[in-house]
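Fit chain B to the supplied structure of chain Z, relying on the hints for placement.
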Amino acid sequence: MQSLLAVSALLDRILGFFARIGAWCGFLLMIVVCYDVVTRYLGVPKPFGMNSTQLQESEYWLHTFLFSLLLGYAYINQAHVRIDLVRERFSTKNKYLLEIIGILFFLLTYSLLGTWFTAHYAFASFQEHEVSKSVIGLSNIWILKSALVVMFILMGIAAISQLIKAIAGYRGVLPDHLVSLTIGSEH
Amino acid sequence: MEWLGPYLPALLFASLAILLFSGYPVAFVLGGLGLIFGFIAYFVDPWLFDIAQFGTLPGRIFGGIADNLILTAIPMFIFMGTMLEKSGVARDLLNCLQVLLRRVPGGLALAVTLMGTILAATTGIIGASVVMMSLLALPVMMQRGYAPTLSTGTIAASGTLGILIPPSIMLVIMADLLSRSVGNLFVAAIIPGFMLSGMYVVYIIIASILKPEIAPKLPAELGPQSTSQYFLMLARSFVPPVFLITCVLGSILGGFATPTEAAGVGAAGAVILAFVNLVLLPTLGVPEFHFDGEAKAEFDDHPTGNGFIADSKHFWGVLSDVVMRTALTNGMLFGIFVGATLFSYMFRALGGEAQVDAFIEHLGLGPWGLLFMLMGVVFVLGFFLDWIEITLIVLPVFAPIIAGLDFGDHVAKSEVTYWFAILLAVNLQTSFLTPPFGFALFYMKAVAPPEIKIQHIYRGIIPFVLIQILAVILVMTFPELALWLPRTLLG
Numbered sequence: 001m002q003s004l005l006a007v008s009a010l011l012d013r014i015l016g017f018f019a020r021i022g023a024w025c026g027f028l029l030m031i032v033v034c035y036d037v038v039t040r041y042l043g044v045p046k047p048f049g050m051n052s053t054q055l056q057e058s059e060y061w062l063h064t065f066l067f068s069l070l071l072g073y074a075y076i077n078q079a080h081v082r083i084d085l086v087r088e089r090f091s092t093k094n095k096y097l098l099e100i101i102g103i104l105f106f107l108l109t110y111s112l113l114g115t116w117f118t119a120h121y122a123f124a125s126f127q128e129h130e131v132s133k134s135v136i137g138l139s140n141i142w143i144l145k146s147a148l149v150v151m152f153i154l155m156g157i158a159a160i161s162q163l164i165k166a167i168a169g170y171r172g173v174l175p176d177h178l179v180s181l182t183i184g185s186e187h
Numbered sequence: 001m002e003w004l005g006p007y008l009p010a011l012l013f014a015s016l017a018i019l020l021f022s023g024y025p026v027a028f029v030l031g032g033l034g035l036i037f038g039f040i041a042y043f044v045d046p047w048l049f050d051i052a053q054f055g056t057l058p059g060r061i062f063g064g065i066a067d068n069l070i071l072t073a074i075p076m077f078i079f080m081g082t083m084l085e086k087s088g089v090a091r092d093l094l095n096c097l098q099v100l101l102r103r104v105p106g107g108l109a110l111a112v113t114l115m116g117t118i119l120a121a122t123t124g125i126i127g128a129s130v131v132m133m134s135l136l137a138l139p140v141m142m143q144r145g146y147a148p149t150l151s152t153g154t155i156a157a158s159g160t161l162g163i164l165i166p167p168s169i170m171l172v173i174m175a176d177l178l179s180r181s182v183g184n185l186f187v188a189a190i191i192p193g194f195m196l197s198g199m200y201v202v203y204i205i206i207a208s209i210l211k212p213e214i215a216p217k218l219p220a221e222l223g224p225q226s227t228s229q230y231f232l233m234l235a236r237s238f239v240p241p242v243f244l245i246t247c248v249l250g251s252i253l254g255g256f257a258t259p260t261e262a263a264g265v266g267a268a269g270a271v272i273l274a275f276v277n278l279v280l281l282p283t284l285g286v287p288e289f290h291f292d293g294e295a296k297a298e299f300d301d302h303p304t305g306n307g308f309i310a311d312s313k314h315f316w317g318v319l320s321d322v323v324m325r326t327a328l329t330n331g332m333l334f335g336i337f338v339g340a341t342l343f344s345y346m347f348r349a350l351g352g353e354a355q356v357d358a359f360i361e362h363l364g365l366g367p368w369g370l371l372f373m374l375m376g377v378v379f380v381l382g383f384f385l386d387w388i389e390i391t392l393i394v395l396p397v398f399a400p401i402i403a404g405l406d407f408g409d410h411v412a413k414s415e416v417t418y419w420f421a422i423l424l425a426v427n428l429q430t431s432f433l434t435p436p437f438g439f440a441l442f443y444m445k446a447v448a449p450p451e452i453k454i455q456h457i458y459r460g461i462i463p464f465v466l467i468q469i470l471a472v473i474l475v476m477t478f479p480e481l482a483l484w485l486p487r488t489l490l491g
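Those protein sequence lines, which keep their order, are chains Z and B.
Counting along the first sequence from 1, when you hit position 9 you're at 9 in my numbering, and nothing is skipped either side.
Counting along the second sequence from 1, when you hit position 130 you're at 130 in my numbering, and nothing is skipped either side.
The following block holds chain Z by itself, in its conformation from the complex (with noise of 0.2 Å):
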């Protein structure tokens, strides 16, 4: 187990890498927007011959790379909303249960096969090598629709861990600080 548990903090480890890069995408979307109202307004030139649809097509791309690459790891933090009425009064140990079953059934379908749907959508996209409906917007869609694939993928990668985790809490070998990361806090 605790070799397993060695695995799950590295699947962390590098959902937290992918996740740091998407949180600062959104930074980077507000700088990007507040440029864009700047030029406009002001009229001072756009770096590297963007244009406006450009700019604004790369916010949308931004905002893309921000919740995808967050997705898997706001599960490892805890941060997707549970209604809690009723599990609240499970024993913990039921808690791990759940939470097995849960990844069992719905979260490793849902990434599986959402991963393999959309690395499809992003694979003929890239095969036609599509480029954005407007005619001056951005080429190579097939980035921004990958981001999709990464989500899914990252988000089965956040099943397993948390699988390895649920598994250890059930058999009683999680470590403490695990535990609310796990089946949320108030334990």
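No lab work stands behind these hints, which were simulated from the structure alone.
C-beta: ideal position from N, C-alpha, C; glycine also.
One or more of the hints may lead you astray.
[As the list claims (entries may be wrong)] Sample of chain Z residues facing chain B (criterion: CB under 10 Å; computed from the structure):
#1 CYS25
#2 LEU85
#3 ILE141
#4 LEU181
#5 GLY184
[What the hints assert, rightly or not] One side only, chain B facing chain Z, incomplete, derived with CB under 8 Å:
#6 VAL26
#7 LEU35
#8 PRO75
#9 THR326
Below, chain B alone, put in the same frame as chain Z:
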């Protein structure tokens, strides 16, 4: 097995209702359940649902969520609110409002209401904003001898006002789902939002005059003594956040900026305010403004004034923390968004929408009956779910029904959607506050000091719930409350 086909949409919703209460994250239940039902439907009747139809799902996620400029406003509004909170700007604002209102009956409760109204702009998730307001204001109110009932009622009501007063994240998502303009919906929410806040103020003043013991007068010598200090306090703690939020709202209302642009500039403004507050002013030797030793709750952990370098490091720490928190909140929100997209698609693919239409036709309720039914459903759901789940799961089912409603002369057909969205927002807020289930109350109990009992919270919230119900009735009877301003301002 084909006989099962027509029951699948109902089964899908029923399974969702049960599984949500398992306590497993909503985002994954939605997505997982949607996909599992795809397979079930395929095995029940391949003519009903073909596995190949799954292939259209990525396009729906991409087109609805990724390739969507409106939704980019959301992380920036969250960022702005979190930044104002974590940099101490919100706490300073509360202190400053106390000083300004010290001579008015119920001054502190009014300060909390006003802060809720101003910061409402920047919060969004009910749980988070109620917790923030409780941590910030409840200890101060208890310390000043305010009755627990009035304190908790005021905080819960003004903490939930954020879902209505623009720039509310909920209104951004509603506008997106109902295919209406975010700017128009923001403008429509202005009068109802400020009307509610005004009604709270009137109630607090009357209650404090009738029963002075529930709201003791603040000490007259509270705050700075000299006039110059007084203006310094205003310039430091009151003007900047109020200016920032007025700019954000004003630029949207005036039609100068799209919500996304206003959000970006507002977020950058919040960073600048934080820098001024945490680095610039301490370096220049401007004293931090405190009531000697009082109100130093958990929010007072800013060791500023240690020189420019140390303060800048501290600022950088706050900034990275806020970036990460914002990203997590956004990840949570969009997790549900992606899951709900899958779920709604499945519901429609299985013929659920057509069934709902047929059912409603069968009921023969007429527009008002339908409106009351939808409002009732949402009110009950609000006991268990935050607006995120309600708008993302239920609104797609309701949207076509709403668009088809015809209220004759009462509301013009083109404006029904805006009116309905505002009604829904006020209704949801009421639901979050209504005992015994209203879940804003539970969030509050979770962070309140132990001497505050749930009974205090229940008793304190009742007057505010009555105000909310009055507001729902007013907006229903006088649709102009929501519709006049957008028509006048934006045409």
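Going through the hints against the structure:
{"no.": "1", "hint": "CYS25", "verdict": "8 Å, holds"}
{"no.": "2", "hint": "LEU85", "verdict": "6 Å, holds"}
{"no.": "3", "hint": "ILE141", "verdict": "9 Å, holds"}
{"no.": "4", "hint": "LEU181", "verdict": "13 Å, violated"}
{"no.": "5", "hint": "GLY184", "verdict": "8 Å, holds"}
{"no.": "6", "hint": "VAL26", "verdict": "5 Å, holds"}
{"no.": "7", "hint": "LEU35", "verdict": "5 Å, holds"}
{"no.": "8", "hint": "PRO75", "verdict": "5 Å, holds"}
{"no.": "9", "hint": "THR326", "verdict": "6 Å, holds"}
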